[in-house]
Amino acid sequence: MAKVVVLSEYCKSCGLCIGVCPRKVLAIGDKPNSKGYYVVVAADPDKCIGCGLCGTVCPDLALEIYKDK
Amino acid sequence: MAKVVVLSEYCKSCGLCIGVCPRKVLAIGDKPNSKGYYVVVAADPDKCIGCGLCGTVCPDLALEIYKDK
Amino acid sequence: MSKELMKGNEAIGEAAIRAGCKLFFGYPITPSTEIVEYLSKHLPKAGGTVLQGEDEVASINMCYGAATTGARVMTASSSPGFSLKQEGMSYLAAAELPVVVVNVNRTGPGLGGLGPSQADYFQCTKGGGHGGYRQIVLAPSKGQELYDFTMEAFDLADKYRTPVVILSDGFLGQMMEPVELKKRPKADLPAKDWVVGGCKGRAKRKVASYSLTNEIGEVNNLHWEAKFAEMKDSLQRWEAFHAEDAEYLIVGYGTCGRIAKSAVLKARRQGIKVGLIRPITLWPFPEEAFANLDGVKGILTVELNFGQMVEDVKLAVECRTPVYFHNRLGGMLPSENEILRKLGQVFDLAVEV
Amino acid sequence: MSKELMKGNEAIGEAAIRAGCKLFFGYPITPSTEIVEYLSKHLPKAGGTVLQGEDEVASINMCYGAATTGARVMTASSSPGFSLKQEGMSYLAAAELPVVVVNVNRTGPGLGGLGPSQADYFQCTKGGGHGGYRQIVLAPSKGQELYDFTMEAFDLADKYRTPVVILSDGFLGQMMEPVELKKRPKADLPAKDWVVGGCKGRAKRKVASYSLTNEIGEVNNLHWEAKFAEMKDSLQRWEAFHAEDAEYLIVGYGTCGRIAKSAVLKARRQGIKVGLIRPITLWPFPEEAFANLDGVKGILTVELNFGQMVEDVKLAVECRTPVYFHNRLGGMLPSENEILRKLGQVFDLAVEV
Amino acid sequence: MQRVFGRPKGLTELPFHYCPGCTHGVIHRLIGEVLEELDIIGDTIGVAPVGCAGFSLDFFACDFVGAAHGRAQAVATGIKRALPDKIVFTYQGDGDIAAIGTAHSIHVAARGEKITSIMVNNAVFGMTGGQMAPTTIGGQITTTSPYGRDCALVGAPIDMPKTVATLSGAVYVAACSVDTPKNIIQAKKCLKKAFQVQQAGLGYALVSILSTCPTNWGLSPADSLKWLQENMLPVYEMGELKMTEEVKAL
Amino acid sequence: MQRVFGRPKGLTELPFHYCPGCTHGVIHRLIGEVLEELDIIGDTIGVAPVGCAGFSLDFFACDFVGAAHGRAQAVATGIKRALPDKIVFTYQGDGDIAAIGTAHSIHVAARGEKITSIMVNNAVFGMTGGQMAPTTIGGQITTTSPYGRDCALVGAPIDMPKTVATLSGAVYVAACSVDTPKNIIQAKKCLKKAFQVQQAGLGYALVSILSTCPTNWGLSPADSLKWLQENMLPVYEMGELKMTEEVKAL
Amino acid sequence: MMDKILLAGFGGQGVMFIGKILTYAGMLDGREVCWIPSYGPEMRGGTANCSVVISDEEIHSPVIEYADFAIVLNQPSYDKFLPRVKPGGVLVANSSIVSTAGKRDDIEIIAVPAGDMANELGNVSLANMVCLGALLPKLTMVDLASVEKAVSAVVGKKKPELYELNLAAVRKGLGK
Amino acid sequence: MMDKILLAGFGGQGVMFIGKILTYAGMLDGREVCWIPSYGPEMRGGTANCSVVISDEEIHSPVIEYADFAIVLNQPSYDKFLPRVKPGGVLVANSSIVSTAGKRDDIEIIAVPAGDMANELGNVSLANMVCLGALLPKLTMVDLASVEKAVSAVVGKKKPELYELNLAAVRKGLGK
Ligand SMILES: Cc1ncc(C[n+]2csc(CCOP(=O)(O)OP(=O)(O)O)c2C)c(N)n1
Ligand SMILES: Cc1ncc(C[n+]2csc(CCOP(=O)(O)OP(=O)(O)O)c2C)c(N)n1
Ligand code: SF4
Ligand code: SF4
Ligand code: SF4
Ligand code: SF4
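Residue numbers (my numbering), protein chains in the order written: chain A, 235 to 303; chain B, 235 to 303; chain C, 3 to 355; chain D, 3 to 355; chain E, 27 to 276; chain F, 27 to 276; chain G, 176 to 351; chain H, 176 to 351.
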């Protein structure tokens, strides 16, 4: 079990995470954060395998990844 | 036939020419020039073979070399 | 003649091209960068060269080199970058090389911010580099003047063989106004019979700034002293705005100068006889503007710094009328109302804002 | 206490060591070089570090870095090298970093010569770097003062968190005089609770000088303005030499100041009431020295430049008595007789030289 | 569930002020992780000059000093000489390190100054709006090379790490990129080694990292990565360009 | 009899002001000869910064410009950009070129500036009285390294030509010495080539020349040559360090 | 007569652009004009603003302490610039994303759903032009004709289709 | 009382050295002293000079316009500094290499064949000390005893043989 959490106030909607996610978990959402960025959401959260690629490329530390240990 | 000519006002008595002359033509003289340097003289002028080594190392262009052509 | 809408920095660039500037060496720094950007685009088309130096020190020394050949050359920077050029400025003044140097003053000290400031007044007019040289400093206050003064700066530089500083600020540089792209009439300038370029057919020349002995140093300095005195006598320039009958004078240059005009007009509408002296040459400071102070009850100097030009005003006024000071700092600008309020306060006048 | 015969530059070096200076960064330049040479020899023995920077820009920025840690640090240079440090000086002032900077003024502008000069007065007191900051400037006039003022400079720098400039000249730097190597009493200085050094056990700290917005810039500048005003109020210092009953005042600092003393004594021997004001702090300029000018018929300012301090004298005097000017240039010095002659000339006095 | 990825302790909580998609942020994270992993947050002083990263003073959890443009290495030298037992690093742009800071870049390396420098190479002056840098690629259009960088007139881009590697005091010189997860992980390794070199007191360490500037390149974040790969990677030599024996032995 | 050796036309008649035995003079002669042989005296502008050679403005027969310490290459760049058809060269000390002038030394090479630089390496700052230079040899005593240069603290000497050679615009980089007649003749060849490179417009050319400073080394002129041979030659790589194909084809 | 206009929004919303259009419009009408961008080392993508002064006499002080008119395209700009409109002035807000809850009684606040209206034209980024249109009737120094000339001058030559689109947005804002 | 002394010669002739000896001598005697080198970017090996002031009161102006005493060790120095001695002053010249043909009647010129005398001591470079000896009786502020102390302080510790040699030269100049 793995989970990706988006910290919306950090996300700038650059989309880089979407490109690297092997399971197409992420997508640009339709709600702007306080700065006006349409933040990424886990559109298909259950597919997440916790590989961490999204976090690796995210320039704004807007993603946290959780896993069962 | 070769001849070395010392331009006394240029010579600073550094002695470098003396060291390279293969025929020991040159020596520090006993007359100072207007700046007070005891200029080099051709002590044994006839031995000069015009090899040009003295002029090559002289930092002050105080030597001219003449040769029959 | 039709006008072009351009940023102040662009007006400087265009004026340089039309003044025959053939080389520009500079290092980008906000808020001067549009100058090098504009020239990068347009100077090559006019047969000139733009080269980005590795830093400001390189740039000013490239200017030094190019100027020794007689070519018209310019650089531009902003406060911290201008500081780095100070050794070079001193060398330009000493070697008497005509170079136009733009300082788009931003707020300092240190890194500071990008807002407009006039805190480099002393640096341009008195201090800056070592050795006590003086240089012409022009203070435009609007797009048209940025254009006109830049053009003129090249002539002045050539005429007096001196660096000329255009002291602008981030506000003027970024502002867009219509500018008439006038052609400057050909000035009558001395022949550049001192330039290097290969001595074929003439005696060798050299351009340098050293004094082998103190005696030579004194001779050289007396020459410069005389030249500075001549420049001081012949170059003072200012705009007098409603100053003839003024009972109160505002003194301000550049951005402050133009804002002050609105204050003057507003005061006049209220029947208060306020006028403005707007120095155009900051060095030489227009002392002559203060020769006649009959009827003037007091002066208010407005600056974007801790108080710099106010000293020159006091020296020019020679205690004939009191001199007060108003400032804004850190990139902030005074409004016309603020100036008016201060005027009312120091001279005890009833003003309406 | 016994005295040591030392060159002025060496006295600076020795004083720095005894004041607890732990780091020196500099780049050699005549006539300041004995300072780095002396320290290269002696500072390591005292547990300190001397590092030759790759140039003056590097050196002043190394000082900046070292000062952020709270260590006592110094650099020294001479006019062209001091010009290169101007961006750094502005950053030091803005980041409020205590650094002692020696400028052994040589004659300029440009490369100039190696003789003594006071042409960097404005550069040190007003202009120099961008942004209108102010810094303490001390003007020693003999070996003992070079030593004493250098020691004190470190305390002043720490007390006010500011760069302090020692403005010397090639003459003072090369001259050998006996110097008493006094110990400076421990000053009561504020804790350095702002220094970086690893945030273990406390909140992280930063030292910087930027203003993100104009509003912040204004706040920062108001802070500096207040600090400069406080320094101006509390730091003015000068020597009054036969000034109490003087009818004529000479004003001169450093080398000119001491030469002027001989002129004063010679004049007094002729019954002419001449006195001297010798500014010790050039910034803040000792305006207070001119508070009471009763009985003073005129002032003669003597400088080794085109006329710089004379402006500060005029501003301080506020037209209460006429101010005249005498200078020598290019590395030349006035003699006491020359000063006396000038005094006689401008005030129409019969002097014997 | 346990957090397996998130903000390292080496960073403060402050959101970065960089443009969307700018990889300055990735590099920040890597450094933040290294600081945490080596447990040196409390013993480190960072130095940031002017440039987009000029305000990074607030983002790292360690003490920080803001330097003038180009002067980070000189400032770091001063700090390190005053505090030889602390860890000192500089975070600089390519303009900073390869244009105005050139002399210091060469001389910290020559002196073997025991500091760590990180050079973020985005082929332009970012903060001032995208002018040409010494690292701008041949033909690349910038605001001061509006017709494309003409190498015949202004030279080919400088490969700074290669030049620095010639200096004997530079004991570790690496060139990385953060365009792919793989390269990001490699960059982290190099960064870590560069700090370990300093901990061991071996000499000067430089890590150059290719980074994007979507704003000034005028490209989307994703296209920026592609542009980097197509235009920068072929020009700049990648890898650990220099490692002394002592460094290898670490 | 015919004069077979004497003053070249590239020099004025003025006696040099250098100290007795200082090999600055030898290098001057070589340049004077090259200027004459290539027939470019009337088309050349030399640039001298500050240093012992700072007053060499008077010694060469061509036009000359005096630059600030360290700035010769920037000044030369300005001249060359203004007058691309002229020959421009700089004559600089090692302090000038490798300390304060470092950034310009790197960037003229990076830009491929079409000028010729001559670096006179005497391992000290000569004119200011013999302080340590970046080129000072390990252990060498100078006025600012009174206990001998400690390479652990200040680094090993910089071999500037090697560093410059890494830059793509530097098409010809040579390192020579004037300690023996043979080396002097070799140095002349390199100097000549460096000017020919410029005539052909190929790029930047640098010739570094090891030279003596009897005064500041505290040695006789003859012992100075020996010191150079024993201490400098082993440290500095000699020879034509870099030649592009185009230069080889000259 | 003098119109002092403040324009503010997110970077990318075209604030600078409508500023320049207004300035051009004024200039082409023979007015004195002046355009001033705000300028700061702020985060890119942050708030941008500029001010425009159009006048029939020389513009001395270009500093707008209190504006006659304002256009605000996003919430932070509304909050920041609401107090900067002088009594009797007019503020146009892009009500698609701006809540005009914070009110003033002494000025006229025109709430235009500019985002939505622009969307109707097929391009949300035309919201700026819609707002410009909404403000136009209030301005004393420029009118639709001069704005048409300005748009034509700025984008017309190169991209006629853009000209049409922009003007359509202006007209939509104008209610024409 | 104040002795103002000018010292000049070639670089290498030890001009600076005798200046320092005089200065030390004065200081060790409790006088106020001041030593000033000339300084210039002149050719090395050129003329060097320095000035020394010794006084029983504070030395304000250290600038010597006209000297009370001078020692000149070579011809250019003689020519240059002859006019700089004040009327009634004393000039000592190393007549081994200086021609004192250019004369002044209002000062005392002491021609000492210092080079030859130094040679007799086995070292021509002691000519400076010989001249110093010759000047000593004329000085008001230092005497042989203080010079002895000074030489001892400056070179004595490290090199006793040098101390002896130098003093022998001084005494020879003094005629003792
Ligand atoms: C002395 C000086 N010159 C110029 C500048 C303007 N300036 C600030 S940052 C910068 C370059 C930024 O580029 P880079 O170092 O590559 O960093 P980036 O912004 O791309 O991350 C410039 C030219 C300055 N602040 N100070
Ligand atoms: C800005 C500046 N800094 C320092 C100096 C002092 N200075 C003059 S020449 C020189 C170095 C001389 O060494 P080098 O370049 O090796 O030439 P050399 O005299 O040995 O031939 C220095 C430090 C100066 N003139 N200007
Ligand atoms: S030319 Fe040769 S042989 Fe003749 S003097 Fe010179 S070195 Fe000796
Ligand atoms: S090498 Fe030249 S200067 Fe030296 S002694 Fe010989 S001739 Fe004289
Ligand atoms: S301008 Fe470029 S480098 Fe700077 S934050 Fe934006 S994307 Fe990053
Ligand atoms: S000091 Fe050294 S480099 Fe300079 S002229 Fe004398 S010997 Fe030559």
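Be a bit skeptical, because a hint or two may be false.
To be verified - Coverage of chain D stretches by chain E, computed from C-beta distances (three or more under 8 Å per stretch; other residues unrestricted):
1) 23-31
2) 198-210
3) 284-296
The hints are simulated quantities; they were obtained by calculation from the structure and are not laboratory data. Treat the numbers as computed from the prediction; the structure is a model and nothing was measured. Note that CB positions come from ideal geometry on N, CA and C, so glycine has one too.
Going through the earlier hints one by one, which of them does the structure break, listed in rising order? Number 3 only.
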